[in-house]
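J.: For the record, the sequence lines run as chains C and H. Each step along the first sequence adds one to the number in this note's numbering, with nothing skipped, and position 16 is 16. Counting the second sequence from 1 gives a position; this note's numbering is that position plus 115.
Honestly, I wouldn't trust all of these hints.
Each pair of labels, with its calculated beta carbon distance range [unchecked claim]:
1) Pro61/C - Gly156/H: 21 to 29 Å
2) Arg192/H - Ser27/C: 34 to 42 Å
3) Arg9/C - Arg137/H: 44 to 52 Å
None of these hints come from the bench; they were simulated from the model. None of these values were measured; they are calculated from a predicted model. Ideal Cβ positions, reconstructed from N, Cα and C, are used throughout, including at glycine.
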Amino acid sequence: EAGVAQSPRYKIIEKRQSVAFWCNPISGHATLYWYQQILGQGPKLLIQFQNNGVVDDSQLPKDRFSAERLKGVDSTLKIQPAKLEDSAVYLCASSLDYWGLETQYFGPGTRLLVL
Amino acid sequence: AQSVTQPDIHITVSEGASLELRCNYSYGATPYLFWYVQSPGQGLQLLLKYFSGDTLVQGIKGFEAEFKRSQSSFNLRKPSVHWSDAAEYFCAVGAQLGGTSYGKLTFGQGTILTVHP
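Model the full structure from these sequences, guided by the hints.
T.: What follows is the structure, given as structure tokens:
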């Protein structure tokens, strides 16, 4: 079974530029998550989708971050414009269940550096 | 709101020695508790989870954890550490989003494990 795929793996941009990350979850998984992991910290949930609907985006900085889940499968996370403090690893995860407390399967992450 | 504290940022043990990683949580109701491991350059992998029932749970790679409600703790243990266990370990608490049937995870800040030969 293929795991969660993410691209790109690394991205370096200058502040005020835009960037987008892509995630392909495990086939059939209902719930998809985007986490931000700043160096030295644990992952912080940015947004959680159930199929293609958002169930929690309370920690997403909506003035600059946006996310969508196309047809309940792939997802993209966008930052526009980026700030220095957005430098982090962005992790995508998916889980089979609908309610979001079963095992989450994580992708390798996208490491973003904002200069 | 729920929260998780992992008091130890970095732990060093010798190969073959026993290991205990500490985790304390704060949550008003019965928590759902998880331990994940993150190896360098890789995503997180679930080691074990506690939902209810037996307070001692067994996981993969020889790990176990014990839920102690009175101490609000969920410490991870392994009787004999292998060099391949060197990684970062995250404790997480799951709780329902207010007013919904959905849940979310809150992670601790992690404990880095170094294993000496």
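J.: Each hint: holds or not?
T.: Okay, the hints, checked on the actual structure:
Between Pro61/C and Gly156/H the CB atoms are about 26 Å apart, so this pair conforms to the stated range of 21 to 29 Å. Evaluation of the 34 to 42 Å hint for Arg192/H and Ser27/C yields a pass: the beta carbon distance comes to about 35 Å. The hint said 44 to 52 Å for the Cβ distance between Arg9/C and Arg137/H, and at roughly 32 Å that hint is violated.
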